[in-house]
Amino acid sequence: MTQQSDDQRNSSAPVRGGVDLLYSPKLRGIVSQLIVLLLLAGGIYWIVTNTQANLVKLNQNFGFDFLNKASGFDLSTSLIQYSSDSTFSRALLAGFYNTALVSILGIIFATIIGFIVGVMRLSKNLVVSSAATIYIEIIRNIPLLLQIFIWYALVLKPLPGTKQAINFFDTVFISNRGIIAPHVIFGEGSWISVTLLISALIGTWVFRRWSRKRQEATGQILPAWWISIPIIIAAPILGLLIAGWPLIWDYPVLSGFNFKGGVTLVPEFIALFLALVIYTATFIAEIVRSGIIAVSHGQSEASHALGLDNGKTLRLVVIPQAMRIIIPPLTSQYLNLTKNSSLAVAVGYPDLMYTAGTVNNQSGKAIEVYSIALVVYLTTSLVTSLLMNWFNARVKLVER
Amino acid sequence: MTGFVRTIDAPKLSPPKGEVGLIHTLRHRVFNSAIGGVLAIAIAALLFWTAWTIIDWAFFRGVWTAPDRELCNAEGAGACWPFIKARSLQWVYGFYPSAERWRVNLVYLIGAISLAGLMIPAIPFKTWNALFFFLLYPVIAFFLLLGGKFGLTLVETEQWGGLLVTLVLSVTAIVVSAPLGILLALGRRSEMPIVSLLSTIFIETVRGVPLVLVLFMAANMFPLFMPPGVNPDKLLKAVIGTSLFASAYMAEIIRGGLQAIPKGQYEGAQAIGLSYWKSMGLIIMPQALKVVIPSIVNNFISLFKDTSLVTVVGLFDLLGIVQTGFNDPKWASAQTSNTGYFALAVIYWAFCFSMSRYSQFIERKLNTSHKR
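Top line first, the protein sequences correspond to chains A and B.
Residue numbers for the first sequence follow my numbering, so the first one is 1 and each next one is one higher.
Residue numbers for the second sequence follow my numbering, so the first one is 1 and each next one is one higher.
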């Protein structure tokens, strides 16, 4: 039998040779990939020639030299020294810092609110759980951009002008220019305070490790939080006292129509921040809820049987296990928040997107400017996912 | 000895007193602990205060009939409803000529009927309906809305606006992203390294950047990529941007569905001698797409919300057209923008909430068919 089938195959091979080649998956793969590559190369060539022709027509050339020229526009708020004499690249950098500021603060607050609301939604208390449900179902079904506009209208409109600013002891002013607070300048000798703070942080970390070891060995629990937090607060204050209180307060003063000095939280930032936090928190709450539900009920029952109360069960048994399910979707929510911060363009908070748009208007270098923005957003997304993957690997269940 | 066998059920006893009713619910599910009780009262007070503020503003202090902004601008006036009444047609049709609005209505009607046929499980001919909605309907809608052929007058896209633009953008994006997303998902899972690499690069790049950036790039860079002299329509640029954006997300959803199909299905299809495209089209995709229907609906919800971003590149979608009304000297008042935003929030919420309910319904329905 084997002999026969071998013979058949041998006899048919020469006849069907050409057809076999046609049906060979390997060859087909190579050919189709070549076709894809050719199409792509053709498309890129077409785009490049078109772009060149268009740029010649607009009397422009491709290049990043413009980044060193003076920008000629102001930003309403910036974390670094910036004026209209600064370069385009510095404008983009200032924009990036503003994006980072609103994203990082937004992520922190959205996580806190999201966790609280997610746990609230699972509460046995009817009022608490239905309040969480109402909040989630209303907020997440309204476009974020609309929410930014609504907060902007709610935040900015009722505020008085700078002359009638709401005044807190001549230090903090609230007006339609934003919240203006004194700016602190650290004078000479502040390093003592910083050193003490760092050593307090290291010290409490060591102390907490030791107290945990002690608990594992003897079962005695030390109130580690209640001991370490006052130390962390007290250490830098002590350092400042030793150095003779070297703080210089830069108070805001009304001059003309605006305030001079101090730090300003512009209303655009407040509106964007509130909208981002309140919107993203609903998604985080749903992630937290499904993560907690996924932890088997036996876990919390066993924990209660061991005599842990509700809070400790949640903190020590349920949440650590839920974290494994929560972290991957949480990462994508963090990325969403960062990307959504680009909606700042709608209210004029000078984030990366807004400054990129302004730089484009001033220089007319659309391709270069938006490519930079693309690369920066992609890198930010990548770094965030890498960080979260690292964190995820740490909390992951260690299996054999 | 004869046994006694009961032939009728004993009457059901009512639950013990104090175990049912409002009082019991309050005692056991609200005031079961001191902290819980205090928290519940605080939250309930906050909820009622918020609800009362909105109801008071919208109804009791609201202005119901007014010829212009005079009454809305009065001290202590609430919502300015006449503004919405005066503008509502523009919100739905944009600047579409009134004589031609029947065309928009017809497009809405055909779309609604076809979509209802797709969404209600009991209605047959799903495949034909899907083919109609995804292939024929966009063509019909295009010619009906734009005109210029078949004796219809041309209506430039600059005249489109409001809900029309929002729906055109989101429906086109979802219709385009379905085939593109399938191709990209298959490409990413392909064993051909170049195809898989290119698909992955496209998907990850688009998913890594904000939609606003994609829209800005479509608006500012896309014209440079075209042959000199070709300047694509503003709406077209936004449609291309949102469609590419939606395709990347759709591809990831479909890839998830493909991964959920057991390997035996792929091998089975190969074993009966189906080619790659036949095994995908006849065996894998029908199962994978069914699994991801709820995710596709959810994707459509976020797409529908995201179309509001085209306001930023100067298109008059629903959000954009409502905002233009705020500057109308006839209606500009302290309450105009609040009323407009409130109405917008209600409209968007109604759309998105009903869609998310539908997504949950279909998820439950599909779940049971998979359970053994």
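One thing to keep in mind: the hints can contain errors.
FRET-style restraints, in silico, Cβ to Cβ [said to hold, decoys possible]:
(1) Ile8(B) <-> Arg324(A): 30 to 36 Å
(2) Val383(A) <-> Pro223(B): 44 to 50 Å
(3) Pro179(B) <-> Val206(A): 55 to 61 Å
(4) Arg324(A) <-> Leu146(B): 25 to 31 Å
The calculated lysine-lysine pairs, modelled on DSS-like cross-linking and capped at a C-alpha distance of 27 Å, are [as the list claims (entries may be wrong)]:
(5) Lys263(B) <-> Lys365(B)
(6) Lys26(A) <-> Lys278(B)
(7) Lys290(B) <-> Lys85(B)
(8) Lys234(B) <-> Lys57(A)
(9) Lys69(A) <-> Lys57(A)
(10) Lys126(B) <-> Lys330(B)
(11) Lys26(A) <-> Lys263(B)
(12) Lys290(B) <-> Lys365(B)
(13) Lys157(A) <-> Lys234(B)
(14) Lys290(B) <-> Lys126(B)
(15) Lys330(B) <-> Lys157(A)
(16) Lys263(B) <-> Lys278(B)
(17) Lys312(A) <-> Lys124(A)
(18) Lys12(B) <-> Lys126(B)
(19) Lys124(A) <-> Lys234(B)
(20) Lys312(A) <-> Lys213(A)
(21) Lys57(A) <-> Lys157(A)
(22) Lys290(B) <-> Lys278(B)
Just a few of them, taken from the derived set where beta-carbon distance is under 8 Å, the chain A residues facing chain B [unchecked claim]:
(23) Gly29
(24) Val31
(25) Ala41
(26) Gly42
(27) Ser84
(28) Ile138
The hints are simulated quantities; they were obtained by calculation from the structure and are not laboratory data.
Glycine residues also receive a C-beta, built at the ideal position from the N, C-alpha and C atoms.
Hints, verified against the model:
1. Ile8(B) <-> Arg324(A): 30 to 36 Å: Violated, since Ile8(B) and Arg324(A) (Cβ atoms, about 54 Å apart) do not stay within the stated range.
2. Val383(A) <-> Pro223(B): 44 to 50 Å: At 32 Å between Cβs, range violated.
3. Pro179(B) <-> Val206(A): 55 to 61 Å: At roughly 60 Å between Cβ atoms, Val206(A) and Pro179(B) fall inside 55 to 61 Å, so the hint holds.
4. Arg324(A) <-> Leu146(B): 25 to 31 Å: violated, 52 Å
5. Lys263(B) <-> Lys365(B): Holds. Lys263(B) to Lys365(B) sits at ~25 Å (cutoff 27 Å).
6. Lys26(A) <-> Lys278(B): Holds, because 19 Å separates the two Cα atoms, which is no more than 27 Å.
7. Lys290(B) <-> Lys85(B): violated, 42 Å
8. Lys234(B) <-> Lys57(A): This hinted pair holds, its Cα atoms lying about 21 Å apart.
9. Lys69(A) <-> Lys57(A): Holds: Lys69(A) and Lys57(A) sit about 23 Å apart, inside 27 Å.
10. Lys126(B) <-> Lys330(B): The hint is violated at about 49 Å.
11. Lys26(A) <-> Lys263(B): Within the cut-off at roughly 21 Å; holds.
12. Lys290(B) <-> Lys365(B): Holds, at about 11 Å.
13. Lys157(A) <-> Lys234(B): violated, 32 Å
14. Lys290(B) <-> Lys126(B): OK: Lys290(B) and Lys126(B) at ~12 Å, within 27 Å.
15. Lys330(B) <-> Lys157(A): holds, 20 Å
16. Lys263(B) <-> Lys278(B): holds, 16 Å
17. Lys312(A) <-> Lys124(A): holds, 17 Å
18. Lys12(B) <-> Lys126(B): violated, 47 Å
19. Lys124(A) <-> Lys234(B): violated, 52 Å
20. Lys312(A) <-> Lys213(A): This hinted pair holds, its Cα atoms lying about 19 Å apart.
21. Lys57(A) <-> Lys157(A): violated, 46 Å
22. Lys290(B) <-> Lys278(B): holds, 18 Å
23. Gly29: Hint on Gly29(A): holds, closest Cβ of chain B at ~5 Å, below 8 Å.
24. Val31: Since chain B brings no Cβ nearer than about 10 Å to Val31(A), farther than 8 Å, the hint is violated.
25. Ala41: violated, 12 Å
26. Gly42: Where the cut-off is 8 Å and the nearest Cβ of chain B is about 14 Å from Gly42(A), the hint is violated.
27. Ser84: violated, 23 Å
28. Ile138: holds, 7 Å
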